[in-house]
Structures are given as structure tokens and as C-alpha cells.
Amino acid sequence: MANFEEQVQESQKQVAEAQAKISELTGRIESARQKMNTGEDIAIDIENATLDEVHAHTELMNANIAELIMGLDDVTAAFSRDFDEMRSKTGWESFVGIFSPAKSDSMRQERMRTASIDDKLQDLIAKSDVITRLLQSQLDELTKQKEQVEANLSETLDEREATVGALESLRTEIKAMDPKIIELENKIAVEQDATARTRLETELAALNAKYNEMVQDEQVKLAKSQTLERYIEKGKTWIDSLQNQAATQMVLINKLQTDTKQRVVLYDALSKSLKTAQQQDVAHRINEIGVETDKEAQSSMAAIGAATNQRMADMMEAHEGHMVFAREVLEAKAKADERFTRRFQKIVEKHDKNLYGAE
Amino acid sequence: MPESDITDGRDAITGDRDHVGLDDTFASRRYFAKFRTITTHLARVAAQMRAEGDLNDTELKILTRHVAALGYSFRALSMKYLMAGRDTGRFFGVLEMDRVESGFPVFNELLVMANDAAQAARHLENMPTPEALKDEMLRKILGEREIPTKLQFALSQRLYYEELLRGDLFWARNDPQVAWLGDLDGRRRYLLHWAVYDSMVNLPTIYLMEVEDSGRRALPRDERRWPEVQAHLMGQSVGGLKLVTIARGFDADFDDLHPKRLRRFHLGPMYSHAYTQQSGPLREVLRDARAPEGQDWALAWTVEELESERVSEERAGWFSTVEREVFALDPFSGRGVDTGATRTERAIILPQRPYQVLEERRPPGFSGVRKFVVGAGGRVLSYR
Chain P
1 MANFEEQVQE SQKQVAEAQA KISELTGRIE SARQKMNTGE DIAIDIENAT
51 LDEVHAHTEL MNANIAELIM GLDDVTAAFS RDFDEMRSKT GWESFVGIFS
101 PAKSDSMRQE RMRTASIDDK LQDLIAKSDV ITRLLQSQLD ELTKQKEQVE
151 ANLSETLDER EATVGALESL RTEIKAMDPK IIELENKIAV EQDATARTRL
201 ETELAALNAK YNEMVQDEQV KLAKSQTLER YIEKGKTWID SLQNQAATQM
251 VLINKLQTDT KQRVVLYDAL SKSLKTAQQQ DVAHRINEIG VETDKEAQSS
301 MAAIGAATNQ RMADMMEAHE GHMVFAREVL EAKAKADERF TRRFQKIVEK
351 HDKNLYGAE
Chain C
1 MPESDITDGR DAITGDRDHV GLDDTFASRR YFAKFRTITT HLARVAAQMR
51 AEGDLNDTEL KILTRHVAAL GYSFRALSMK YLMAGRDTGR FFGVLEMDRV
101 ESGFPVFNEL LVMANDAAQA ARHLENMPTP EALKDEMLRK ILGEREIPTK
151 LQFALSQRLY YEELLRGDLF WARNDPQVAW LGDLDGRRRY LLHWAVYDSM
201 VNLPTIYLME VEDSGRRALP RDERRWPEVQ AHLMGQSVGG LKLVTIARGF
251 DADFDDLHPK RLRRFHLGPM YSHAYTQQSG PLREVLRDAR APEGQDWALA
301 WTVEELESER VSEERAGWFS TVEREVFALD PFSGRGVDTG ATRTERAIIL
351 PQRPYQVLEE RRPPGFSGVR KFVVGAGGRV LSYR
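Those protein sequences? They're chains P and C, same order as listed.
Using our numbering, read the first sequence as starting at 1 and increasing by one per residue.
Using our numbering, read the second sequence as starting at 1 and increasing by one per residue.
Same shape as in the complex, but just chain C (with noise of 0.2 angstroms):
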């Protein structure tokens, strides 16, 4: 049978590697409605961190418009394969994501949505209108006495490109954006941010850079400085290179740009009794918590920082000089974990009831962890 020659082959690719696909219609789509639930949480635990003070308004303006994109992208992608696992003609149409390590889909995925989102408009063109798509399903329940399974997966995806003609969605790699902070001793201060999904541990990362400018033109409207500034940024955007490794680098490219302050925020992993298998204890006290649905998840949240702590004065060519940042670096990187950053905050967001059960066992590894408890009604209580 040419059936079961093809699915050896993906065994093949996904069964011993921590890639899985999701190829069961009701594993998918509660997989997408647990992520629906997640990030409005997030957009929520942002507010409660702006209200203690860890954010100002226009990092969480910056944080709650990354967080609402990656809602919209998993709203695309839970319309792409709202019919996985049900016949309908077409091959390999699943969901695949890292059950190992992320717990969020594989990057490829996000790539191949940026490669749909160009398509999008012309698909659309040639598409019947959802109105039309569900009179045709009406016709063929009543006519024939048929599941429309073909009919609903082409309104899934005609919904699937609307969602991406749409736009502001998080994409593979979203490029830096600048906001004005305001003017210090004549230099202009501003904030840069942009976001990219990490590759290597397919996770959303943000990243927020404050700089000073010395330059003569402002930076935004800088042509020459400000498209190479973007490359450059984006060309870092690296999970594996350490917050000193970006800063130290983009201060040594751009004389006059100071990196002031580096931030990268790691959405995830997601832990879920159900769907993913990380080790360690988060992973015994989900399955302790026999959480309802909807209930059986944990994301870790992971803030690093980096502080320039001083200036220094180098020489650039003969006659001019250049400053260059010291960057403070955590006092226990030489003995523990070498992080590349001042410090490291660590945080998870679960509901009620697994956090009833961490409280319960108390796990080791868990007391400087910052929890952040969600409940109904958008409820927020942030534990240290």
C-alpha cells in the first residue's frame, strides 16, 4: 500500500525526535483553545506587573501588542488546521510542535504561515465566499446525507487567509520598531523592540533595547543608520547568544549608539500534563493537579536584563574617541550558571489549581520563581 509507505516515512522524521504532529481533530483544536486561554493571560500578567511597578506604560504598551500578535497567529493557525485528522483530501495537514522542550509549534511553521500570508490575497480570490461555502454544506447535509468534511475544511481555510490579509500577526521574525523616550543631556533616548521566534527552542522572545543616540540625525529618520541598525539587530536575535554578546556587539558597530539597558523576555516553554513531556517537577505537579480542562497548564515567563554600568572611554582611528559600555554582569556568573546578563527573573503563570497542588509539594528550584496565579475572570494574584 502507498498509504502506509508514506506515513513510515514521517515516523520516521517525527516519532524519534521531540517533533510531534497533531493529528487528532479534538487533541488539535483543544491544543489551540488552551493557547487561546494563555495569551489572554499573558496580556493580563502584563498589566499586574506595569500595577507593581516592573514595566512603564510604553514597555507594556510594546509587551501587550507582541503578546495580542501571537493570539492572532494562533488564531491563523488554529483556522489552518481546524479540520486535522478528518479526511478531506489533502496531505500532511497537521499541527506540528515541540512536545520536549517549547511545548509551542516548531519554527517552521511560523515560516511557512509568512509564506501563506504572501499567497493570501490571490487564494482568496479564487475562493467561494463563506456564505456561499455554507449554503453549499446546508445543500449537501440535507441533500445528501453527508458530513461536508471537504466544504468545512476549504471555509477553514478561506477564514485561515482572511485571518492572515488581516495582519499584525507575530511572525518568524518581526522587525525592530523605535518609540521616543525623551531627550537626556541632548541626547535622544529611545526604545527599541522587536521580537522573533527562536528557533533553536522554538519560543517567542522579546526584546527590548534602550539606547541613547549621539548621532546628528534623528535615528528613525536616519537612512543610513537606521535600516543597517534593523539588520543588524535581527541578524543577533539569537536564543543562544548571551545579553552581553548583543549589547557588546551592537555598541562595537554603531559608535554612536549606547545601548543603556537590554531586555529579552522567553514566552515558554508551556507545560501541559497532556501534551508535552518536559522533565522536572512542574511536570509531577500538573499531573498531581488532575486539572479540568482547560485547567492542565503552566507557562514559564522569563525576563533577562542587562545594565550598562559605566562608560569607557576607547580610541577610535588617531584623533577621536568612542564610548563604550561596561555592562554589570550577575556577581555569581563565575561560580553558578554563567547567564551573560545583571539579572535573570524567572516567573510562571498557571491557574488555580495546579498552583494549589507547587504550594502543596513545595519542589525544590521553585521558591525565587515568581508565580503568577490566574483564575476566572481574568483574575491576577502574583505570588513571590
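Just chain P, same shape as in the assembly (with noise of 0.2 angstroms):
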């Protein structure tokens, strides 16, 4: 399984660079939150902080992921050969079948009593383990991600409310002023006194000083609401987005947890039925004639044919148990592969080409 390795070496590596990618989109966003606390303009940090990168990246990630589990379909090829192997005869027992098809039997069955699929069920379970450990770690890290630019961005809320709570008071205030100004302005053209008029305009000039102070006030504290706006948004799609991977790392998680369960329970359940309805039946046969030459012919007649119809009973009952139960598990599996399939259309088409077609 030297492929899979492999493949599971490239997988951890872009697991690895997607996760310095995905901290590094977020450290640029702390970076950015922090600049804006010293004052300065963030505009271009947060334009550089785009997600197409990562994406692309983790698109990859996934694909390599999901192909990896696509794999483990090849890893399980071997045991369908397994299976073929204990129903039918080797080629050395087919040839001495020629000669003695009793010595031929018993060579299988034989071979039959020592085949045991336990360590290619380990194996299995081992290398979805890896698998499951690799999303595992990706899915924690996204969720760290996640709570972090979380927590980060509902404190920019709490600033953002802030701010356009001030710029709506500053905007009362500077409507406020407008009468203000236009009686003292009335004020003045009626007035005849000259100190008074000078003192009137004075205040005035003071007033429209104010005034002017605040609508500058209200561009900057208007600019600031707006960079947190753009902040706020690019903050959400990075949480949408870590979201929305998280998915898919649990889809990815569930629908190889649901294969190598069933996986498991279904070769296990072929292996031994195989097993036991190939041998009860003999083993019966041969020891129930040593114990019956010593009984009388007919009611020994009689018991082997009571005990062979009983077993066969049993033995389809157990069989039918095993279908059935088989099916619901093949049942399950669809559900698991529908999803799958879904969200991994383009590289089951891909999987499928490349097994299908081109080999």
C-alpha cells in the first residue's frame, strides 16, 4: 500500500498548508483590528485579505481528501478477493481434484478453517484512523479559526454601534445648531447697536466654528463606520467560509466513519457465514457416522435426516438473517454515498474516470 502512503503524506502536507494559510488570513485580520485601535487607515489591509486564495487551496485539500477516501474502495478490493478465494478452489486443488476429488475437498476445507480476514479488518480500521486523525485536525483548527474571528468581530460590533450611536447624536446636534444660528443671524441684521452687534458676531463666528468643527467631526466618524462596515463584512464571509469548511470536514468525517463501520461489519459477517456454511454440514456428516455404526441402521437413518433438515433450517434462517441485515447496512451506506456524492460530484466523476476509463 506504498500509494497509499503516499497519498496520505500529500494529504497531511496541504492539510498542513491550508492550515498556515487559514491563520494566516486571520492573523491578517487581527493585525488589521489592531492597526485600527492605533488609528490607522486599514483600507488596504483588508482589501488583501482575500479568501480566494485559501480557498482555492482548501478546495484542494478536500479533493485530495476526499480521493484518499475514494482509495480506501482500492485498499478493499483485496478482500472481495479474499472472498472469491474461499468460494471457489485453487488452481492446485482443482488439479488434484482430478485425480481424488475427496483429497481435493478436504485440501480447501482446510485451507478454509485457517482464513481469517481479522488483520485486513485492522488494517482497515487503521488507515481510516489516519484519515479520520487528518480531518480531525483540520476541523479542530477551523473551529479555532472560527472562535477567534468570532470573538474578534463581536467586539468590532460593539465598536461599530458605538461609533454610529455618536454620529447619529452628532448629526441631532449639528441640525440642532441650524435655528440656532439662523436667529442669531436674524438677530444681527436688526441690530442697531454696534457693541452688540459686534458680540452677536462673535458669538456667531464661534457657533459656525462649532458647527464646522462638527460637520468634520461627522465625516471622519462617517468614514470610520464605514471601514468597520467593510471590516464587519469581510469578517463574515471568513466566518462563512470557515463554516462552511468546517461542513465539509464533518461530511468528509461521517461518511468515512459510516464506510469502515459498515465495511466492517459486513465483511465479518460474509467471512464467517462463508466459513460456517461450508463446514458445519461435513464435520456433522462424518462424526454422526462414526457414532451411529453403532446404533441400528434404520433409526440412525432417520436421526441424520431429522438433524440435517434441522441444520439446513438453521443454516438458511442465519443466512437470511445475514441478507437482511446486509441490506439495511448497503442502505445506510447509500445515504452516507448520496451526501458524499453530492458535495465531491466532480472528483467521484474524476475517481470513476480514472478507474474505469482509463485503465
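One thing to keep in mind: the hints can contain errors.
[Unchecked claim] From the structure, some residues in chain C lie toward chain P, with a derived Cβ separation under 10 angstroms:
| hint | residue |
| --- | --- |
| 1 | F107 |
| 2 | N108 |
| 3 | D116 |
| 4 | A231 |
| 5 | L241 |
| 6 | R248 |
| 7 | A252 |
Derived from the structure by calculation, the hints contain no laboratory data.
Every value quoted in this text rests on a predicted model; they were computed, and no experiment measured them.
C-beta: ideal position from N, C-alpha, C; glycine also.
Could you use the hints to bring the two separately framed chains together as a complex?
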């Protein structure tokens, strides 16, 4: 399985890269926030924090992992080879069968008795565990980043709320100043006394200065609010994206765990039912012939008949149970598969083409 | 919501089948506590069987060793799933148990545990020590006034891996070991014993086989035969195979090994009104008992036994003959259920309160079953 190892290493590398990219982006958003606190212009920082690159990379990584999961299918192809071997005779056994069918049968039964797929099951579980860990580590990272950005964002939201509030009250104040200024101007227009007029004009100048200052302040606050808004937009998109990626990881983990669990159950049931069905009958017949030779022929024949019938019935029942069970398992698998396909249509297509077209 | 999508998938797998995940923290912990009680009682029941002469010292030792291993496995699993049902940031961290058939964890859990054990050392290397974790927990509780769920989870995982490293656990397959019993007519006699967690019924099964060895080299030191014997026995340890099938196959494949007696202990199923859904009278008994916490269970224990009746000579090749065993089968096998064994003995182990209800109701089918009643202070009473 060198292929599997290679693919795992490749995926590990990509997960590491994706994680670096993700945390870099979160870092950029963080540092923009710090800069904002010190009052620097952060417009450029926000523009730089583009998600496209990260997305491209995570997509690549997910594709790789999805392929890895599909690759497990190829690993499990070995199982069906085992099952075929259990069902049929080897070349040597068939050759021996030409001379002595009984010897050939006993050789095959001996092979059946030692056959075991436990090691392969363990191997399957180990491999799927490796992939699950890979996915889980990515999921952990995504969750961590999401929490970080969320905390950051809620702080920024508060700040924006405060800024907008200040802006609103500033605007009301400015509005409230208008009638005062008009009133003052009217007063100046009708004032005859020079001293009083000068005093009023000074007052008006002061009021105007204050008005201008407030308008300027409004501009600044407006700009800040807009920057914050843009920052929040960016953060929200980033959180959405993180959430989406986490969902993808969950689908992958779900698919993998369902698949593995069901494969283990199914393969195990199949190998054991093959074993049981093929041996039980023979062993009984042989031993019973030994027992029965002591007894009268007639009653023994009846007993064998009854025992065999009972056994056949048992076996059929057991087989039916396995079949029903297997069907349920397959249905559950179909569901998980469907979810998987919906998300990874392209990769599935590619994989299928690779597998069935090119080779 | 992506989360609901995921839970749908789980329901599809577990809901309509007989496997169920214990995703409630307290249900999961009580389940393990129950098994801790049961495994301690099992060892005492084995001792009681020794006192009554059903087992000899060697067999008692083997049986209690396997039971103890089972106890350790449950302890490890209880650590692994200590935080089940809490938000630990991990996925699907719940124990799956077979609720309709056996009441035991499903086979897959043991395979996964074996996989974890292979990597236990590597995991422990990167984990903080228990002291460091506890220290951090304190800081979290006092400093941030939060429940340190994630730290608790980390500590539970650490303890799980430590338990795995300690070893002596009951695995999905426990390869055969050999005990020398003595010599008889120039032949060596051995007791082979091994155990598997049967995947079809999700129950631990222990096998004991007495063999006579007419080979030239002692079996445990024979580099050719011993690995073959081990592989053969493990390959044949399937619950669906009858004892006579296993014994005959062994007899046929090894000319100089003669199986004289084969026993198989099925530990389980476990019945519990709260956890399992088996059909049958025991369920009603447990329901009516309304036993308090820790006493709502009954464990069935089945011993199948196959003995060799006599030996017949059979020709092998041109010049030599080999011995083949003829096994004594249950004389009722033609009529009733075909067991493929010489005798089958059933027993159930249960606490006093359910036993009282069982005696009062006397449901049919329990007259031939031996009852071990366990009580406080490790008392075991046996009733026929």
C-alpha cells in the first residue's frame, strides 16, 4: 500500500499548508483590527485579506482527502479477492481434484479453516483512523479560527454600534444648531447697536466654527463607520467560509466512519457465514457416521435425516438474517454515499473515470 | 444546518438497527459502572464453580484471567467515553452497544481500541501529564469560572491511553496460550486456551481445549506446529460454528494432536431493563424487580462442552494410520435443537432482588438454568 502512504503524506502536507494559509488570513484580520485601534488606515489591509487563495487551497486539500477516502475502496478490493478464494478452489486443488475429488475437497476445507480476514479488518480500521485524524485536526483548526474571528468580530460590532450612535447624536446636534445660527443671523440683521452687534457676530463666528468642527467630525465618524462596516463584512465572509469548510470536514468524517463501520460489519459477517455454511454440514456428517455405526441402521438414518433438515433450516435462517442485515447496512451506506456525492461530484466523476476509463 | 445533516446520517445507521450509541453522559457512565460490578462478580462466580468442582485450579486461573482482562478493557473504554455527550469538540465520541442481542459493546469498539493501543505510546508522548492538566483545570475553574470540559476530555483520553499501555486487556482476539497438564501413557497433555470477542453476537467467548500430543517435539516448542495451531484455532473461533465442527476440523488438520475435550464459555448476554431490549421472560422479571441503581441486570453464562467418546483408527496414506476422535453428542440432538456439543449448561448471574422476582414468577424455561445470586459483600449463592 505504498500508494496509500504516499497519498496520506501528500494530504498531510496539504492540510498543513491549508492551515497555515487559514491562520495567516485570520492573523491579517487580527492585525488590521490592532491597527485600527491605533487609528491607522486599514483599508489596504482589508483589501489584501482575500479569501480566494485560501479557498483554492482548501478545495485542493479536500479533493485530495476525498480521493483518499475513495482510495480506501481500492484497498478493500483485496477483501473481495479473499472472498472469491474462499468460494472457489485454487489451481492446485482443482488439479488434485482430477485424481481425487475427496482429497481436493479436504484440502480446500483445510484452507477455509485457517482463513481469517481479521488482520485485514484491523488494517482497514487503522487506515481510516489515519484519515479521520487528518480530518479531525483540520476541523479543530477551523473551529479554533472561527472562535477567534468571532470573538474579534463581536468586539468590532460593538465598536461599530458605538460609532454609529455617536454619529447619530452628532447629526442631531448639528441639526439643532441650524435654528440657533439662523436666529443669531436674524438678530444681527436687525441689531442697530454696534457693540451689541459685534458681540453677536463673535458669537456667530464661534457657533460657525463649532458647526464646521462638528461637520468635520461627522465626516471622520462616517469614514470610520464605513471602514468598520467593510471590516465586518470581510470577517463575516470569513466566518461563513470557515463554517462551510467545517461542514465539509464533518461530511467527510461522517462518510468515512460510516463506510468503515459498515465495511467491518459486512466483511466480517460475510467471511464468517461463508465459513460456517461450508463446514458445519460436513463435520457433522462425518462425526455422526462414527457415532451411528454403533446403532441400528434404520433409526440412525432417520436421525441423520432429521438432524440434517434441522441444520439446513438453521442455516437458511441464519443466512436470511445476514442478508436482511446486509441490506440494511447497504441502505445506510447509500445515504452516506449520496451526501458525499452531492458535495464531491467532480472528484467522484474524476475518480470513476480514472478507475474505469483510463485503466 | 450542517450539524443536522450529520445526525441524520447517524440515525440512519443506528436507529433502525440493533446498535445504539450511548450519547448521554450519565447513561454511559452508569453502563460502565454496571459492567464493573458484573466483572467483579464474575470472578467470584468462577470461584464458586471451583468450590463446587465444576472447574479445576488451572481452569479457574485461566477463566479469572480472561475475566480480569475483560474488566480492564471495560475500564479503558469507560475512560475513553467518560465525557460522552458533552461538547468536547470531538465527533461521535460515544460507545456503541448492541441493545437487542448481547447488551455488550459492539465488536467494532474492540477493533478500534486495538488500533488505539498500537498508537498509545505516541499519543502519550505529546500529551501533558495528569498533574499539568489538573493544574490547568483549576486555573480555568478559578480564573475563568468555566467548566473545563475540554481539559477533562484531554485527561480522560490520557488515562485511556495509559490504561491501554498497561496491557492485559481483552482484545477482539486473544491468541491461544498453552498450559501443561502432565503426561499420560507417554503422551503430553496440554490445555489450550484462547478467547475471542465474537463479532456476530458481540459477546466475549472463551475456549478451553484439552489435547493429547503424540508428536515428537513438545507443542509449545515446536516452531512448525505451534504457529499453525494458533492460526487454525483463531480462524475457527466463530460463534456460528458448533463445537463438533471446530474439534473435527482440528483433529483432521493435525494428525498428532488429539482433542479430547473442548469447552466454550459464552459470557453474556447482559440483560438490563434500562439499557437492553431483549425479548423473553427475563425482561419482564427485571421490569417487575424495579431494582435500584446497580442491581438492574442479569448476565447469562453458557458453557458448551464436547468430549471425545472413543478413538477410531483411520488410514492415512499407504502405510500409516492416524487416530480420529469420535465425539459424544447430546443424545437429544436429533429431536430438539441441534447443539453439536455433548452437553450445554446455562446459568444466569443476577442480584438478589431480580432473583426474588424470578422465583415468584417462575417463568417457563428457567428450571434447568443454574442461578448464581450475588449480593452485597461479594456473597455468591448458587441455586439449581
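Going through the hints against the structure:
1. With 10 angstroms as the threshold, the beta carbon of F107(C) comes within range of chain P, its nearest partner Cβ sitting at about 7 angstroms, so the hint holds.
2. Hint on N108(C) holds. Least Cβ distance to chain P is approximately 6 angstroms, under the 10 angstroms limit.
3. Proximity of D116(C) to chain P holds as hinted, the smallest CB-CB distance being about 8 angstroms (cut-off 10 angstroms).
4. Look at A231(C): its Cβ gets to within about 5 angstroms of chain P, closer than 10 angstroms, so that hint holds up.
5. Using the Cβ-Cβ criterion of 10 angstroms, the hint placing L241(C) at the interface with chain P is satisfied: the shortest such distance is roughly 6 angstroms.
6. Taken as an interface hint, R248(C) checks out: its beta carbon lies about 4 angstroms from the nearest beta carbon of chain P, inside 10 angstroms.
7. For A252(C), the interface hint holds, the least distance from its beta-carbon to any beta-carbon of chain P being 7 angstroms, beneath 10 angstroms.
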